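Chains as they are written, first to last, in numbering that gives the first Met the number 0: chain A, 0 to 265; chain B, 0 to 265.
Worth double-checking, as some hints may not be accurate.
Said to hold, decoys possible - Simulated pairs of lysine-lysine, PhoX-like, Cα-Cα distance not exceeding 25 Å:
{"id": "1", "chain 1": "A", "residue 1": "Lys154", "chain 2": "B", "residue 2": "Lys55"}
{"id": "2", "chain 1": "A", "residue 1": "Lys154", "chain 2": "B", "residue 2": "Lys102"}
{"id": "3", "chain 1": "A", "residue 1": "Lys139", "chain 2": "A", "residue 2": "Lys35"}
{"id": "4", "chain 1": "A", "residue 1": "Lys182", "chain 2": "A", "residue 2": "Lys258"}
{"id": "5", "chain 1": "B", "residue 1": "Lys139", "chain 2": "A", "residue 2": "Lys139"}
{"id": "6", "chain 1": "B", "residue 1": "Lys154", "chain 2": "A", "residue 2": "Lys102"}
{"id": "7", "chain 1": "A", "residue 1": "Lys55", "chain 2": "B", "residue 2": "Lys154"}
Claimed, not checked - Computed list of chain A residues with no C-beta within reach of chain B, every gap over 12 Å:
{"id": "8", "residue": "Arg44"}
{"id": "9", "residue": "Glu118"}
{"id": "10", "residue": "Asp145"}
{"id": "11", "residue": "Pro212"}
{"id": "12", "residue": "Ile215"}
{"id": "13", "residue": "Glu216"}
Calculated from the structure, these hints are not laboratory results.
Computed from a predicted structure; not experimentally measured.
From the three backbone atoms N, C-alpha and C, an ideal C-beta is built for every residue, glycine too.
There are 2 protein chains.
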Amino acid sequence: MNFYFFDNRENKVREEILLNRGNLYGDGFFTTGIVKDGKILHQNRHFERLQNTATKFQFADYNEDLLIQFLLDSLKDIDEACIRITISRQQAGRGYQYNQLSKSDVTVQLSHRPEAPVEPCHLVLSETPVSVNAFLAGSKHLNRLDSVLASRQIKSDNQEVVLFHEDNVIGGSRSNLFVLDNKQWKTPSLEMAGVEGITRQRIIELMQQNGIPVSIEPITLQKIQDVEAAFITNSLLGIWPVSKIADKCLETIHVENLKSDINFVV
Amino acid sequence: MNFYFFDNRENKVREEILLNRGNLYGDGFFTTGIVKDGKILHQNRHFERLQNTATKFQFADYNEDLLIQFLLDSLKDIDEACIRITISRQQAGRGYQYNQLSKSDVTVQLSHRPEAPVEPCHLVLSETPVSVNAFLAGSKHLNRLDSVLASRQIKSDNQEVVLFHEDNVIGGSRSNLFVLDNKQWKTPSLEMAGVEGITRQRIIELMQQNGIPVSIEPITLQKIQDVEAAFITNSLLGIWPVSKIADKCLETIHVENLKSDINFVV
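Start from the sequences and build out the full structure, keeping to the hints where you can.
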């Protein structure tokens with residue numbers, strides 16, 4: 000354990016991060032994507048989601064133009080990387096309440112771009128529940144202990160854990176889920192929990208543009224163990240075919256066909 | 000907005016806090032209390048709750064003895080303060096998954112002890128929902144966006160916001176709730192949401208020791224608008240009598256009597 004000790008009463012040092020409400024309460028939001036040749040892939044979608052979340056959570060000083068300029072400068076020499084952008088609220092006084100004039104901190108972190116998985120994915124059913132909050136649902140906020148706890152079940156590189164609210168599947172611990180059920184593609188509704196992923200949104204639009212029906216609807220635990228095909232999505236992995244859900248094996252050919260039908264690239 | 004840019008690929012700097020999972024996912028827990036003459040009031044209860052949460056969340060390197068020694072040294076010259084102790088997991092690689100050998104960071108922060116409120120409390124009904132997760136319920140973890148959002152409704156020093164799960168009251172945004180219903184003291188069960196407060200626990204025990212019946216049970220939204228008395232509790236405020244719930248006024252004499260019957264001191 001490392002120990003840090005700060006006496007905020009003195010107000011001598013602005014310990015930016017320790018007084019940041021991201022660290023204190025998870026009061027913030029983030030996005031994760033891929034940088035290629037100095038630009039974030041699908042960056043307008045990332046910026047749109049960040050702006051919507053900033054508005055919803057009343058981050059009054061959030062300024063998209065400043066962020067874009069900062070990223071232009073910071074990323075100009077980056078060929079390829081994984082990027083995380085975190086926006087969190089600075090703390091003004093003690094306690095949960097925030098001032099609507101509170102400022103925010105933007106933290107940009109790069110890491111190596113993960114390699115695309117070679118093997119298809121095995122889905123494991125979560126033993127811990129998803130966190131449910133109709134106001135927070137859909138947003139990529141910093142309260143992610145449910146995903147942290149669920150991901151304890153991941154024992155190998157080709158696994159992902161699927162979380163549920165009561166009897167309804169929400170998605171993977173770090174991904175959205177699509178299933179082929181009765182020749183119809185479906186993805187769970189995210190009104191009570193989960194994150195509205197950018198790749199999920201892209202795929203829904205690509206399917207609609209290509210005349211492939213897709214519906215957003217509740218999908219039960221029983222149902223996902225009885226589907227014809229499935230895949231999971233996120234901004235780093237793109238489309239990852241599923242070859243196993245719990246003990247049931249699935250063919251991935253439907254997913255490969257869909258990928259080429261919609262000309263999907265990460 | 001302030002901007003921080005770190006390229007973790009270089010691995011040159013260990014930016015402890017920005018690589019801390021408290022900041023990334025709210026992966027951690029905390030406690031808040033009062034320091035008097037170099038010691039935390041009811042410190043054994045705080046340490047017990049911290050230890051239980053560390054075990055539950057698999058903070059393998061959590062070491063109570065080291066924490067106690069650190070606090071003894073750090074607090075020895077402190078007459079009086081409010082203290083927050085935060086334990087959060089250090090990040091090893093990218094992503095939600097943690098290594099069971101992950102280390103943790105302990106952050107101790109002092110601030111001025113808030114003054115005891117002079118006026119009784121007005122309870123306002125929350126417009127945003129409590130976050131529900133049966134595994135996380137009861138723990139004082141870092142995923143507190145529900146309290147942050149609810150506390151937006153606090154407009155003056157004598158207000159607190161009460162959160163609900165469906166039709167059941169859970170507690171205040173920063174407090175536990177007790178109500179007197181049909182001459183019986185009751186406090187909401189916290190199996191689905193909320194924090195098991197140290198003052199709540201102390202009061203339940205004090206009531207039991209003094210032969211005053213108290214029950215832990217579901218309490219509905221309708222019910223709390225029809226009680227004879229109510230108070231809220233936390234480690235900083237102690238017992239705070241409620242004089243109004245939504246539009247209904249309450250007498251505080253029952254709470255004052257209870258306080259003296261159980262010889263309550265903060």
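_Check on A:Arg44 being off the interface with chain B, judged by Cβ distance over 12 Å_ = 21 Å, holds
_Restraint check for B:Lys154 with A:Lys102, where alpha carbons must lie at most 25 Å apart_ = 20 Å, holds
_Whether A:Asp145 stays farther than 12 Å from all C-beta atoms of chain B, as the label says_ = For A:Asp145, whose nearest Cβ neighbour in chain B is about 6 Å away, the distance does not exceed 12 Å, so it is violated.
*Is A:Pro212 truly not at the interface, in the sense that its beta carbon sits beyond 12 Å from all beta carbons of chain B?*
Check passes; 32 Å lies beyond 12 Å.
*Would you mind confirming whether the straight-line C-alpha gap from A:Lys55 to B:Lys154 stays at or under 25 Å?*
19 Å, holds
*Far enough from chain B: is every CB of that chain over 12 Å from the CB of A:Glu216?*
22 Å, holds
*Does the alpha-carbon distance linking A:Lys154 and B:Lys55 stay inside the 25 Å limit?*
19 Å, holds
*Is A:Lys139 within 25 Å of A:Lys35, Cα to Cα?*
Holds. A:Lys139 to A:Lys35 sits at ~22 Å (cutoff 25 Å).
*A:Glu118 clear of chain B by more than 12 Å, beta carbon to beta carbon?*
17 Å, holds
*Is B:Lys139 close enough to A:Lys139, meaning Cα to Cα at most 25 Å?*
22 Å, holds
*Least C-beta distance between A:Ile215 and chain B, which was stated to exceed 12 Å*: 21 Å, holds
*Mind checking the alpha carbons of A:Lys154 and B:Lys102 for me, to see if they're no more than 25 Å apart?*
Within the cut-off at roughly 20 Å; holds.
Against the hints set out earlier in the document, a violation occurs for number 10 only.
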